[in-house]
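Residue strings, one per chain:
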Amino acid sequence: MKKLSDIASSRHTWAWPYILFLVLFVVLPLVLIAFYAFTTADGRFTVQNFLKFFTHSEAISTFVYSVFIAVLNTVICLLLGYPAAYIMANEDYRTPKVMAMLFILPMWINFLLRTVATVELFNMIGFKLGEGALLFGLCYDYLPFMIYPIYNTLQKMDRSLVEAAGDLGANRAKVFTKVILPLSMPGVYSGIVMVFMPTVSTFAIAELLTHNNIKLFGSLIQDYITTSDLLNYGAVLSLILLVIIGITSFFGSTEDDSQKGGLI
Amino acid sequence: MRRLFTLLLLAAGMMAAAQSNVQYELRVMAEQPLQILDTFPQPYQTEKINVTYQDGTYQLLGDTLAQGADFVVAAEAQAEWRAEFDSIFAFEAEGKHFVVWQNNRDIKNAQKRARAGNARTAFLTYLREQTVAPSRMWEYIGMGAAALVILLVVLYAVMLLRRKQAEKSMTSVQRETLHRKIADRRRRLFSQTYLWLLLLVLYMPILLILVYSFTESKVLGNWTGFSFQLYGNLFLGKGGEALNSAIINTVLIALIAALSATVLGTLAAIGIFNMRAKQRKVVTFLNSVPMINPDIITGISLFLLFVALHVSQGFWTVCIAHIVFCTPYVVLSVLPRLSGMNPNTYEAALDLGATPFQALRKVLVPELWPGMLSGFVLALTLSVDDFGVTFFTKGSGGLETLSTFIYADARKGGLTPELRPLFSLILILILTVLVFVNIRADKKAQKKA
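The listed protein sequences derive, respectively, from chains A and B. Residue 1 is where the first sequence starts when you use this note's numbering, and the numbers rise one by one after that. Residue 1 is where the second sequence starts when you use this note's numbering, and the numbers rise one by one after that.
Possibly wrong hints are sitting among the right ones.
Straight-line Cα separation of at most 20 Å, SDA-like style, residue types lysine to any residue; simulated pairs [said to hold, decoys possible]:
(1) B/Lys281 x A/Arg94
(2) B/Lys278 x A/Arg94
(3) A/Lys97 x B/Lys281
(4) B/Lys181 x A/Arg94
(5) A/Lys178 x A/Lys97
(6) A/Lys156 x B/Asn438
(7) A/Lys97 x B/Asp442
In case anyone wonders, no lab produced these hints; they're calculated from the structure.
Using the sequences plus the hints, can you model the full thing?
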């Protein structure tokens with residue numbers, strides 16, 4: 001008997017290569033961001049990089065603007081995506097089953113190519129590249145990420161609750177605000193996280209959609225990281241972004257594991 | 001779906017017929033006062049000077065260093081123009097002399113030269129083939145839409161009249177059920193229209209690529225007749241050396257990353273499953289970190305690691321980076337299979353004399369296979385799709401994957417035409433796989449029921 005349990009317990013060692021891998025390529029690199037943020041180019045400790053950020057008006061305004069754009073994009077995606085997810089998940093509307101798949105399909109196509117195609121479309125119809133184009137492009141890229149988790153939670157929702165509410169005399173609006181909406185909140189949270197996080201950290205897209213006129217925080221980080229003598233300052237900006245990401249993912253941590261594992 | 005495709009082909013045919021003479025249009029936008037700027041000036045469309053030429057009638061003046069030019073233009077030129085002219089050329093239009101720098105990044109240089117030559121600076125947004133057809137096309141679309149709206153209104157009025165007539169001979173109960181039915185139908189119509197409109201907007205750019213993969217034109221948006229030329233170019237490798245190597249790199253990296261991630265992730269999932277609750281919590285949290293981290297953070301952190309370790313970045317650093325963000329998804333696809341299987345079969349195999357490796361191969365892998373496969377496919381697509389992480393870990397040795405190739409291409413102002421058929425093919429492949437998977441899932445669900 002003892003031997004059996006020995007073998008069973010020894011199987012947890014199978015994860016060790018992966019744990020080692022995670023420590024080396026996930027934990028250590030993240031620590032390195034902090035390390036570079038607090039050192040000078042020749043490796044001495046400093047807080048100068050942080051002070052520079054707080055007096056660097058371009059960085060601050062870019063940061064505020066990026067968060068603003070990300071929030072705006074998240075709100076737009078939510079307003080457009082929730083009704084779509086609701087219609088698809090609600091059996092009363094008899095939506096064809098392919099519809100959900102069609103909404104997810106664009107996620108599998110290279111987002112840069114989609115962005116370039118959007119730019120070409122704007123050129124074709126004579127739409128000026130700028131803030132409007134940026135918002136459209138971002139919404140276009142991330143809308144499926146909002147629809148999918150909300151659709152998932154709505155579909156898994158217990159329909160009998162809705163019926164019970166109806167039987168007890170609630171009208172359609174009441175059923176929605178008192179039953180459906182609260183029950184779908186986990187999906188909404190994870191949708192918000194899945195849209196907000198990539199938007200706030202996006203680079204490249206903004207550059208293409210605005211003719212390089214509007215700079216987002218991601219592009220700023222990219223600029224500093226790729227110029228080697230400003231690498232430490234770039235690390236500070238990354239660290240700030242990381243803090244934002246941490247706060248957002250904490251906010252969204254109430255959601256279950258339903259959103260990412262089963263994309264196929 | 002088939003009907004939609006026929007419609008698209010019809011529309012494409014109409015556009016080709018409508019377009020008889022191709023013109024070159026030079027749109028010079030926004031004359032700016034002379035000053036050195038880091039980026040494009042903010043409201044860059046203040047004035048338009050339209051200079052339209054018939055094909056080939058523009059007058060080339062050669063490289064003049066802006067001496068005597070009225071305008072110096074920083075232009076974003078399409079690839080074929082770049083090949084046709086030098087990076088600097090000049091032309092004359094409406095009695096004005098223009099000098100063009102075909103690189104929109106080179107504004108400072110253009111302005112320096114403009115100042116030296118006492119000229120003004122202008123920005124030419126596009127120097128490209130432009131057909132006359134699109135404007136007509138929008139006219140037709142507008143007219144068609146108007147006709148459709150009128151038709152719908154007439155139909156609705158007729159329907160309303162007929163219903164009023166029918167209602168006269170009904171009891172009040174009948175009338176009520178009818179009204180409820182109508183309200184339901186109206187709600188359904190409204191919601192389905194919303195979904196289809198949203199889908200149409202989402203798919204517009206993708207359809208654009210799909211449609212224009214069947215024409216030879218080097219520029220997206222210019223239909224020069226139906227042709228399979230680009231598909232031929234793609235398969236014969238005529239899309240250019242850079243594109244070919246980008247495709248090969250993408251495939252190789254995706255295969256290496258997905259395979260390693262599947263092996264590493266499956267073993268890790270088995271390990272995590274057999275851990276005690278506390279340990280398991282820690283490792284699952286670690287596992288979720290690469291999924292939560294945005295591309296840019298994963299990319300930068302690995303970039304810093306490779307810099308700190310003095311590893312020269314290239315093919316293998318990109319592979320490692322891809323394994324980093326792919327493996328968590330494999331772990332998450334395998335874990336549910338583990339909790340669904342009989343925990344005693346592995347031990348039974350050992351008791352019957354199998355070595356742990358044999359037990360893994362003969363007992364565990366067959367059970368976990370579906371999870372491993374979906375993890376593998378997910379890893380494959382994630383790797384092919386990735387841009388952010390690749391961008392920071394590819395080093396400066398000239399390694400390009402498809403994503404970074406597209407980025408570099410788009411920055412230059414054009415898109416290699418052969419990318420269009422390539423992505424149309426990928427789209428069709430993904431569509432087929434998704435349909436196949438969904439049908440299989442449906443069948444399974446039916447069997448269960």
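Results of checking the hints against the structure:
1. Of the supplied pair hints, the one linking B/Lys281 and A/Arg94 is violated, its CA atoms being roughly 41 Å apart against a limit of 20 Å.
2. Taken as a hint, the B/Lys278 and A/Arg94 pair is broken in the structure, with Cα atoms around 45 Å apart against an allowance of 20 Å.
3. Using a Cα cut-off of 20 Å, the hinted pair A/Lys97 and B/Lys281 is violated, with the two alpha carbons roughly 36 Å apart.
4. Note on B/Lys181 and A/Arg94: the hinted pairing holds, with a Cα-Cα distance of about 14 Å set against a maximum of 20 Å.
5. The hinted pair formed by A/Lys178 and A/Lys97 fails the criterion: a straight-line CA distance of about 27 Å is larger than 20 Å.
6. Taking the CA atoms of A/Lys156 and B/Asn438, the gap is near 18 Å; set against the 20 Å cutoff, the hint holds.
7. Note on A/Lys97 and B/Asp442: the hinted pairing holds, with a Cα-Cα distance of about 10 Å set against a maximum of 20 Å.
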